[in-house]
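A.B. asks: So the chains spell out like this:
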Amino acid sequence: MLKIRNVHKKFHHIEVLKGVDITVDKGDVVAILGPSGSGKTTLLRCINFLERADQGEMEFDAVHLEFTAASSREIAQIRKKTAFVFQNYNLFQNKTALENVTVGLTVGRGMSRIQAEAVGMKALIKVGLADRANFYPAQLSGGQQQRVGIARAIAVEPDVILFDEPTSALDPELVGEVLAVIKQLAKEGKTMVIVTHEMKFAAEVATHVVFMADGNIVEEGSPEMMFVCPKEERTRSFLRRILPQIEYNI
Amino acid sequence: MELDYSFLEKTLLLVLLAIPTTLKLTVVSVLAAAPFSLGIALVRLHQKGALLRLVTAYVTFVRGTPIVLQILLVYSLLPSALKAGAAGLGLRVDVFALNPVFYAYAVFTLNTIALLSEVLRSALGNIAPGQMEAALCAGLTKPQAYAYIILPQALVSAMPNLCNLTVNLIKGTSLAFLMTVQDMTATAKIAASYGYNYIEAYLDVFAGYVLVCSIVQCLFHYAERHVGRYRLARQKQG
Amino acid sequence: MRPFDPSFIWAVIPALLPFLSVTLAVVAGTLFFGSLLGGLLAAGQVSGGRMVRRLARAYIYLVRCTPPIVMLFIVFYGLPKFFMEVFSLDINAWDKIVYVWISFTLLFAAPISEVMRSSYLAVDHGQYEAAVSIGLSPRQAFLHIMLSQAAVVALPNFGNAVISLMKEGSLAYTIGLVDLIGKGQLIISVHYGARALETYLALTLIYLVLTLGVEQLFSFLEHRFSGLPPSDAVWHPVKPGGEV
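Taken in sequence, the protein lines are chains V, S and A. With my numbering as the guide, the letters of the first sequence map in order to residues -9 to 240. With my numbering as the guide, the letters of the second sequence map in order to residues 172 to 409. With my numbering as the guide, the letters of the third sequence map in order to residues 7 to 250.
Among the hints, erroneous ones may be present.
[Stated by the list, open to error] Computed cross-link-like contacts, BS3-like style, restricted to lysine-lysine with a CA-CA straight-line distance of at most 30 angstroms: (1) K102(A) to K254(S); (2) K116(V) to K16(V); (3) K71(V) to K360(S); (4) K0(V) to K360(S); (5) K0(V) to K70(V); (6) K(-7)(V) to K70(V); (7) K177(V) to K116(V); (8) K112(V) to K195(S); (9) K16(V) to K173(V); (10) K190(V) to K173(V); (11) K8(V) to K71(V); (12) K70(V) to K313(S); (13) K181(S) to K195(S); (14) K0(V) to K71(V); (15) K313(S) to K(-7)(V); (16) K180(V) to K181(S); (17) K(-7)(V) to K71(V); (18) K8(V) to K221(V); (19) K16(V) to K71(V); (20) K221(V) to K0(V); (21) K181(S) to K0(V); (22) K313(S) to K102(A); (23) K313(S) to K87(A).
Hints are computed from structural coordinates only; laboratory data are not their basis. All of these numbers come straight from a predicted model, not from anything done at the bench.
Produce the entire structure from the sequences given, and follow the hints as far as they go.
C.D. replies: Structural data, given as structure tokens:
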């Protein structure tokens, strides 16, 4: 469904992505792992054009395009097929939780307000925040804000949801509630690409694991293969450092 | 000190009756300036090159010169420029018969464009870039993102500065008498010149400005609380 | 009307420049007296009793609502009458710059007191406590520790206040003071109203140089006294692509 080939991206002469390929099929949950600065977030941001890649091409269902040549219409098209969950939530500060969820429907997609509110409430119920519908972001905890962020993403029924380290800005005790929501989405068969540092979570939900370092994909495969017997030394040393205590059982 | 109280009272009424003129000058200038100011603010935040240099030079010019000089400049430039422009278009307009209030609108609008653009620039610049990114990801176009997400937030954070700007503009319009516009100051000046009751007349104007500025500040305070609901919510929570 | 003559802009500047001293004298005198009155207002607000605080706040509020021209006219027309009737003193012969100084001192004191107050409050109170704890008297602590730090904090806002004073000071010509603009008006009237545009453009240039100069001066002072090394000395670029 979504194929990206040979993505390159430079910031101030420093190459952050050095030719990355990734394929996402319908129903996949792709977890992207790797040390900080390996380019995971940049890759995600290139997919929906928050960053413009310097080179590479994309195939999204029937849409084929070069990153550098994409028109604003094509970009808008891709953005409507995807949704993004931000590390720091980025809820609209001037909108209530429900309005945050519905604005993409009413303004972005021209849905009627009544219909949008019904869809929005359904999304809020799914993340367990129906009772917070009329709260402003400033009145919600970090975990609640991120769950609204997820509701905002699923309400527009995207083909793919992109998660950019959805729990790394959260206090440890709030991580669980957000991961639970994402796990539920995985169970429902939603297609997702998740950049994360939560290894245990990745092992549980991912159908496909990608390990990145220094702007390249070092290794990728099924979670069983990646967590139990990674081939590359880079992957092994990273996993050893980050999860000495976790044992993975098939 | 003995004041002429009957004159004080009579002139106060005249001054108060001139308040609409002062307010009209202020409101028209701010509204006429707003779209240009927004444009300049956006150029200064997002553009490079000749356009940026042009608008920056304009803002520097307005901020770096006294408004009285801007008035004198425009008042000596505009009539002949209009005349030349009208002649160029083949129109026969007597520019000297033009109501002087239009010159005042022109000066204060040109001035406000620059000052308001600074207010908007700092307000827009303080909105986290993530708000725009999230709006684009939600499927909004850039103009929609500005209209529904960015500008509403920027306006709230700009409120205190907008209030300052408006109060300063109200005070600035006191110079409209230089263009023979009959605002509060001009009214008092004329009334005073009949019997040399200057001190009474200017005390009346003083009272008039305090009244107008107080009302405007109250309105802004109220508006800030109204449009800033989402911020107050946070304060209530602690 | 004579056609626009750009060369007159340059020709008129030498005739205007001698009156720069008057314009600067307006600013300097106001700065001095205004800072004194502003300091009193700030002190009254920070450490005065309830009545003093209220009076200071009311004064600042009223001045914030007063157009400079109105203040100038009230002082210029009202003060001689006041002195005459209360002290039987004729002050009509006083130089006009005195009225200008009084008017702008009354005006300038308000914003400057706000600058002083907010910068004083911006200095961490722990600084004062630390000074007292090592044996400085409260007075010494204020003078040696608080004041110098507050002055640095105040610099940018003080600079803005000076620039707006410089611009507002240009109104002095309306009561007949012959400063830069006053001289400009005289030159224009000598030419029977012609050359107005050229003269105003020349004045604009002079004012732009003045205000930009003051702006530069204050940003230099701010840099000089901020106590930080030049910004590039502490800048360690982080390599975005590198390992952490």
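A.B. asks: Are the hints correct? Go through all of them and say.
C.D. replies: Right, here's what the structure says about each hint:
1. K102(A) to K254(S): Violated, because 39 angstroms separates the two Cα atoms, which is more than 30 angstroms.
2. K116(V) to K16(V): Holds. K116(V) to K16(V) sits at ~21 angstroms (cutoff 30 angstroms).
3. K71(V) to K360(S): violated (67 angstroms)
4. K0(V) to K360(S): violated (66 angstroms)
5. K0(V) to K70(V): OK: K0(V) and K70(V) at ~26 angstroms, within 30 angstroms.
6. K(-7)(V) to K70(V): holds (17 angstroms)
7. K177(V) to K116(V): At roughly 13 angstroms apart (the allowed maximum being 30 angstroms), K116(V) and K177(V) satisfy the hint.
8. K112(V) to K195(S): Violated, because 49 angstroms separates the two Cα atoms, which is more than 30 angstroms.
9. K16(V) to K173(V): Cα-Cα ~16 angstroms, so holds.
10. K190(V) to K173(V): holds (12 angstroms)
11. K8(V) to K71(V): holds (26 angstroms)
12. K70(V) to K313(S): This hinted pair holds, its Cα atoms lying about 14 angstroms apart.
13. K181(S) to K195(S): holds (23 angstroms)
14. K0(V) to K71(V): holds (26 angstroms)
15. K313(S) to K(-7)(V): Holds. K313(S) to K(-7)(V) sits at ~26 angstroms (cutoff 30 angstroms).
16. K180(V) to K181(S): This hinted pair is violated, its Cα atoms lying about 77 angstroms apart.
17. K(-7)(V) to K71(V): Holds, because 14 angstroms separates the two Cα atoms, which is no more than 30 angstroms.
18. K8(V) to K221(V): Cα-Cα ~21 angstroms, so holds.
19. K16(V) to K71(V): Between K16(V) and K71(V) the Cα gap is close to 13 angstroms, so the pair holds against 30 angstroms.
20. K221(V) to K0(V): Holds, because 29 angstroms separates the two Cα atoms, which is no more than 30 angstroms.
21. K181(S) to K0(V): violated (74 angstroms)
22. K313(S) to K102(A): The hint is violated at about 57 angstroms.
23. K313(S) to K87(A): violated (62 angstroms)
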